[in-house]
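The residues making up each chain are set out below.
There are 4 protein chains.
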Amino acid sequence: MASTLILYYSKSGNTREVANILASYLRKEKVDVEVRDVLDTSPDFLLNYDGIIMGSPTYYGGMAAEMKEIIDKSVKYHGELSGKLGGAFTSSAYIGGGNETTLLSILNAMLIHGMVVVGIHNADHYGPVSIEAPDNRTDKQCKIYAKKFADTLKLLKSVE
Amino acid sequence: MASTLILYYSKSGNTREVANILASYLRKEKVDVEVRDVLDTSPDFLLNYDGIIMGSPTYYGGMAAEMKEIIDKSVKYHGELSGKLGGAFTSSAYIGGGNETTLLSILNAMLIHGMVVVGIHNADHYGPVSIEAPDNRTDKQCKIYAKKFADTLKLLKSVE
Amino acid sequence: MASTLILYYSKSGNTREVANILASYLRKEKVDVEVRDVLDTSPDFLLNYDGIIMGSPTYYGGMAAEMKEIIDKSVKYHGELSGKLGGAFTSSAYIGGGNETTLLSILNAMLIHGMVVVGIHNADHYGPVSIEAPDNRTDKQCKIYAKKFADTLKLLKSVE
Amino acid sequence: MASTLILYYSKSGNTREVANILASYLRKEKVDVEVRDVLDTSPDFLLNYDGIIMGSPTYYGGMAAEMKEIIDKSVKYHGELSGKLGGAFTSSAYIGGGNETTLLSILNAMLIHGMVVVGIHNADHYGPVSIEAPDNRTDKQCKIYAKKFADTLKLLKSVE
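Residue numbers (the working numbering), protein chains in the order written: chain A, -1 to 158; chain B, -1 to 158; chain C, -1 to 158; chain D, -1 to 158.
Take these hints with a grain of salt, some might be off.
Unchecked claim - Here are some chain D residues the structure puts well away from chain C; computed CB gaps all over 10 Å: (1) A21; (2) N46; (3) I68; (4) G81; (5) K138.
To be verified - Only pairs whose alpha carbons sit at most 20 Å apart, straight line, appear in this in silico SDA-like list of lysine to any residue: (6) C:K138 to D:S80; (7) D:K141 to C:G81; (8) D:K155 to D:G77; (9) C:K9 to B:K141; (10) C:K71 to D:S80; (11) A:K9 to D:V73; (12) C:K145 to C:S156; (13) B:K145 to A:E78; (14) C:K71 to B:G11; (15) D:K152 to C:D48.
Derived by calculation from the structure, the hints in this document are not laboratory data.
Glycine included, C-beta positions come from ideal geometry on N, C-alpha and C.
One chain only, chain A, in its complex shape:
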């Protein structure tokens, strides 16, 4: 069974809620998922999973400092995350507010770690975006994303 860590930072609770929605859809795809608050994690934790998905509110066009901190610290294991599948999601106050650059700030960091990243052609392209509290739209985004992420993960890990 392929495994995935969903790491989130959440102040209002919106991003945590998206994390949980995503987790439930990934579990339906038979992925072993652990959801963790980034404040309760250390970089060595990143080593234990086949996939890593990071979620952050949109803060000035990038991930929250709290999420960036664990990425900066993960330099200790540079090279050891290579080949893992990465993903990102964000919650944002409104449209045009920096959500895409926030997702890409996470995905680019993952590419630098040598990770693999996957896009979505028929939903939010760089990863699920929740405008304010998660709603039906968010749920649909997470469902489509979870399916694509799980399918890609299984291929990379040669499991079914």
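Based on these hints, arrange chains B, C and D on the given structure of chain A.
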């Protein structure tokens, strides 16, 4: 055998040369490679390969209009490239000249197509960058990139 | 009087409509505005204005090839656009669809030309985004953007 | 006299050194400059200057978490930085290592604050990049950048 299309646009010949170096390293990894000038291609061509790598000179922080044109036209097949492995390379006049944003302009377009993208932890992270004409540094970048791309492609396509 | 060129590429007509809304608000701010279809322009045209705003549909996370073509050709005048004020707008099929990276593909090209760029703290941050056909939301975005652009332009050109 | 804050985060000392080189060139252009370690600053400090330049090492394609933290906290003053001139610089371990995306992570945050940003046509386009310890190349980048930043600042503030 997994297959890959290397599509390039080249005015000075530098980008074409990188395309050929990359092709030779991919062939050593037992990937079936075709190298094509973007001016001699149509979007339907993109459908025929497991992997697609696009190379462009760094023009104002993005890929050349000639390369963007085929991406824009590929909307005709939106969804059909989903799951293919994508990659990018660029040749640039100098450091700090927009080469990273050029690579990301290609990789982001691929994510929007639902493609899979892979980064490199121990070489140019977003894809090979050649500063001026290809040299030993470029050769090394291509070698590392080709190995990682080929390994990821084989996993995605379940071939050895 | 400070002058500005609004250059657009439009297939459906949506982007052209945003160009015209933006033009009318800039004129209310006493800016001399010319609106042009990019297909009817050549790069030497860019030299004649204090400000340049470019608008493109969101195509695979970047500006349309037709807009990129004129940017690529403007290399002929590299350095001569330095210090001009630049801006961007886009029309997009939906949220999370690459509109931010499209705006940034234009703004980054302008920075490479040595141009000045301005953001918006209380509306679409990187420039106006129209989701589908322009509506009230688009109109409001253009109004706020035009005011900020005009104010900045007048300072840079030392006119009132 | 126009004023500028140079804020840096530095672990090895390289980024601090670039901060000081940049400060000395800005002072030659008759700008009142203060250089501060981000660890000794609070967001209210950002209010006191006409220009703000932020420098960070290149950490996984973005600014250091320590720099992002002050940006996140500056939300308290959202809107009050509007119209100030912003700039960025970075020090990076090597070419192709995420330095451009690091600079843009800072510049994009500044645009979201409604700040004004300026590019360079004849040097590192998005801001000075130092590869490893500052050398002659870095010095030249800082000199060109300081001149352009100072000239733009004086226009925006209507001082000479």
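Results of checking the hints against the structure:
no. : hint             : result
1   : A21              : 22 Å, holds
2   : N46              : 18 Å, holds
3   : I68              : 17 Å, holds
4   : G81              : 7 Å, violated
5   : K138             : 16 Å, holds
6   : C:K138 to D:S80  : 18 Å, holds
7   : D:K141 to C:G81  : 17 Å, holds
8   : D:K155 to D:G77  : 18 Å, holds
9   : C:K9 to B:K141   : 42 Å, violated
10  : C:K71 to D:S80   : 33 Å, violated
11  : A:K9 to D:V73    : 14 Å, holds
12  : C:K145 to C:S156 : 16 Å, holds
13  : B:K145 to A:E78  : 17 Å, holds
14  : C:K71 to B:G11   : 18 Å, holds
15  : D:K152 to C:D48  : 17 Å, holds
Of the numbered hints stated above, those contradicted by the structure are hints 4, 9, 10, listed in ascending order.
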